[in-house]
Amino acid sequence: MKRADIPQAKRRTGIAFFLALGATILLGACAGGAGKSSSGGAKDSTLVIAMLGDADYLNPVIGSSVTSGNISGLIYPGLLQSEFDTTTGLLNFMALEKKLRPSSGGRKPDGALARTWIMSPDQRSITYILRSDVFWDDGKPVVSGDFKFTYRLYGNPVIASPRQQYLAELAGAERGAVDFDRAIETPDDTTLIFRFFKPVPEHLALFHTSLTPLPAHIWKEVRPEDFRSSPLNQKPVGAGPYRLQTWAKQQELVLASNRKSNLPKPGNIPLVNWRIVPDYTVRLAQLQTNAVDIVENIKPEDFGSLVKANPAVEIKSVGLRVYDYVGWSNIDQELYHKTGRIAPHQLFGSPVVRRALTMAIDREAIIDGYLKEYGTVCNTDISPSLKWAYNSSVVAHPFDPVRASKLLRQQGWLPGPDGILQKNGRKFSFVLYTNAGNARRNYASVIIQQNLKAIGIDCRLDVQESNVFFENLQNRKLDAWMAGWSIGLEIDPLDVWGSDLKKSTFNFVGYRNPRIDELCELAKQKLVQTEARPYWLEYQGIIHQDQPVTFLYWIRETQGFNKRIQGEQLNISGTFYNIDDWTLSPSANLAP
Amino acid sequence: MLTYIFKRLLLSVPLIFGVLTLTFFIIRLAPGDPAAFFIQPGISPNVAEQIRAQYGLNDPLPVQYVKWLGNVLHGDFGRSFSRAQQPVFEVIAEALPVTMTIAGLTLIANFTFGIIIGIVSAVRQNSFLDRFLTVTALFFYSMPEFWFALMMIIVFALKLQIFPASGLNEIGAESFGPIGFFLDRIWHLVLPVTVLSINGAAGIARYVRGSMLEVIRQDYIRTARAKGLPENVVIFRHALRNALLPVITLMGSSLPFIFSGALFIEVIFAFPGMGRVTVEAIFARDYPLIIANTFISGTLIVLGNLLADVFYAVADPRIRL
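So the protein lines, in turn, are chains A and B.
If you're matching positions, the first sequence starts at 1 in the numbering used here and goes up one per residue.
If you're matching positions, the second sequence starts at 1001 in the numbering used here and goes up one per residue.
In short, the hints are calculated from the structure, not lab data.
Keep in mind that a hint or two might mislead.
The calculated DSS-like cross-link candidates involving lysine-lysine, where the alpha carbons are at most 30 Å apart (straight line), are [what the hints assert, rightly or not]:
#, chain 1, residue 1, chain 2, residue 2
1, A, K316, B, K1159
2, A, K526, A, K99
3, A, K338, A, K423
4, B, K1159, A, K299
5, A, K503, A, K338
6, A, K387, A, K316
7, A, K308, B, K1159
8, A, K563, A, K526
9, A, K372, B, K1159
10, B, K1159, A, K563
For reference, chain B alone in the conformation it holds in the complex:
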């Protein structure tokens, strides 16, 4: 297995590198100019030119690429154009923990709720509870997340005023003490994590239900029941383990979805995370930051997929890596 992991990691290097190269050219070929902000009446026309020279954008594209390549191979992804020349990894180091927190909590909530709802629906197939859960899950699944987020804000922040509408902490939260600060943070995370996980959980529930139903009809389940095992043991020990196999792959592949979901959740809830950094970098044509973001999210996706494959092998001894 270790050889397999090593091979996969080795393969991912040219893959990520290819993605970065593609991104490098695509963003430079796309219309828009990082110095566009400085082209306005009242600002000397020289400024945009001076800024472009500073950013090295006046060189021909191949020269820019070679220079960039040299820097990246030295581990230098450059400084952000739009964020006061901060080194891009500093920008990301500030933003990544925020997104990781949201993504981590969402992942946990997604799978916990998804699996529970899926099992209940499968075990009580065609009951009122199953239908109710199915309809509810489909309802949330088909709801656009940004709209749902705004609705949650209107209901819980505006009308009921239970949860805050935005930000990571209350004003003056530093004075609450460490526990107070932590609770305040959790209180700010409830709405965004709920929005992100409801949608995902609904999808996972459908998967779990489907695969559970398939497994329950297998011969060995009948055998297990026939030898007099309690229903709980049959469901959790024999059926669930097998039914969860496809769900494990979902875990790896849902990572990018949660990241992309975090994109507008962060804009709406004013979280300074990766999603917002990416969106703003794209609008500002902040090339170094866009590339660094692609690098980080690309790496996470590749690792997520690898992790899913490894989990798969761990969970199912029939699979040999």
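Chain A extracted, bound-state conformation:
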């Protein structure tokens, strides 16, 4: 190569590069067009759901994330079909030929594997009669032995199933380990008997014995210690309306309608694609451009612009299952850690002070400013959706700073020279902690800070990384914090308010009231669920009066749906409750 050639060669490469870049962009644009039109075709048969995170295990024994639960529910057979009755707030269980209560939703119980059940008169055993026409994907029949086999897995400490407490009433559990030979009996392939060590209410028996089975013939060779790492977890064999087609970890998980399923039938939509999109803004953008059909947990501040930018999107809401609260440590945590002695907290130890704090906080302002019609003031941890147990006569503590100041004065808290309340030389001053990355709590915490300042309380705000924050909560290291709970559909609040602080690991505030312990026990002993209502009414009255925490608001969870989805019935028990009945209407995509 001659010397003079070099620069020209360089220049040529430069030009070639620009040309290549131009071509790429052009191709990109073309591919964009092509991608869109062809994806339109593929999308007519595919429902696309954007998810924050991937499923962990597609295995009902060890799957622990909500996504895993949603997907497993579509792949595996269910013994019973459950239904949340919105008129009463009770959970209903249905077999093919029997219902716990009359059904309100009108959904046929075709998805249940059990034909019927018989509860023994002493309520110490339940016998299921199974259908004989249900088959696993590999053609083998689903039999009662599959349940017995899987329940052993649920109860195996080496496997560490997050659902092992469902086995708490089975025979042998009272002595520490379930005696499976006695507790579960399978006289033949279609008869399944569960035995309890004590009388169990029917609804609880149904709830706890309807865990999802695995195919025993496939899993029986897997040793418990290899259970979590078994490759079988990647290729679930089920019998439900969908089966797993592909799973590209951290990218997408595709379910295909299971043509052979009769539980209740193959899913209507041929393909369901769960895409993992970790960033909220991007999920929102994708919903707006019709790239995905469903995005969960849309923030209220985005509703307006989203629906305006894409009229094909609608916001659907379900609730009320989630509430936020401000936790006030009831006891002196430091003293408790050091000596195990329990003494009231210097600032928040008195119920009167806690009531005053609740009155000082303008909960309506937080709802109006952030949640709007998707929030309701919260009085106790029993949701208004659980109508059968909800106490509607409990009236919310009003926003009344004057009254709050008066109550605090009665308790000896008087303004000091700097305007901050003082008692025995101790200032009413504390740090309110919350976890990072929650816009709603950030918004609320600023209002709370202002409200408290107005009555002479110095509240500083601090945000901690979620993992650190929850560890501090568990170790009862914080005096005041803001967090939330998502409640179960069965009322069981002893974990959160029980007086035995060692046992009640979620009683972060250290609240203790023996009557609450008593009421929870009494309610549990009732063999007919609705007969526990009087106990729950009294419970709410006491919690409201004691204000172990300041209950802020119930939140309706808000999901963005493309209108091309039809037949969806959102429900407190889940967004994807009847997904196998949904259909896609391609013409709805053409809306302006």
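Knowing the structure of chain A, use the given hints to seat chain B on it.
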């Protein structure tokens, strides 16, 4: 030179090992619990304890360290806590190609644009073009990448709808055929690579401009011009070669930057790459995965630096390794 490379490689073993040991202790001393997810109402309190026992987290720290050491020396970095007990290197084997693609493309784009802009600015020093390029470069250089990425998504994915907002491929891309699939992949990579490279290119352009200006003023350039060589030859043959020397070191040291940049680019654009694996592993306190990631990125950084030194020697015969 081979002896030098061998020596450097030998030295890097204790270095990487030290980094891993430090990481091992730091993540275990940091607050947070890998089993924290299982501590919630409705889940039996035994589960968290059983999970900890499975992970071997109940042993005292020195015992854990010795066990870990034994495994690592056998090449076993363990199984991920948070990703369904997948062996960590399997997780990384899935993620690394994605990040390598992005990093490779970014590196090429970075240096191509950076060098071109730098040369133009230097040769036309103080012209309108130079000022314009300088201001533009500084503008992009000072822009936070995550914000820039979101803006690009809003403009190109939301408003203009030319490029996709996330993912590696379109839904149903498998049916496009191999060429269609490839084009679809490229189409998905345009936005993230642009975001990552604009920022880097701006920085490199400033370097190249600076070093080019210095070189152009040297005597031998004047000599080259005086003996009547065409300006192109002077700039590309005589000036550029010398001006690029400091830029070569940049290449090695920019590797870690591109990796760290890929961190949030992958989260924002939903790419299942190393960055996302690392971020999620940290939030989940997935110790084996965090350590394996540190191992991979640490090794890449050490190799990147070594490569830069070797390139340096190749490009400049005055340097003897």
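If you check each hint against the structure, which ones fail? 8
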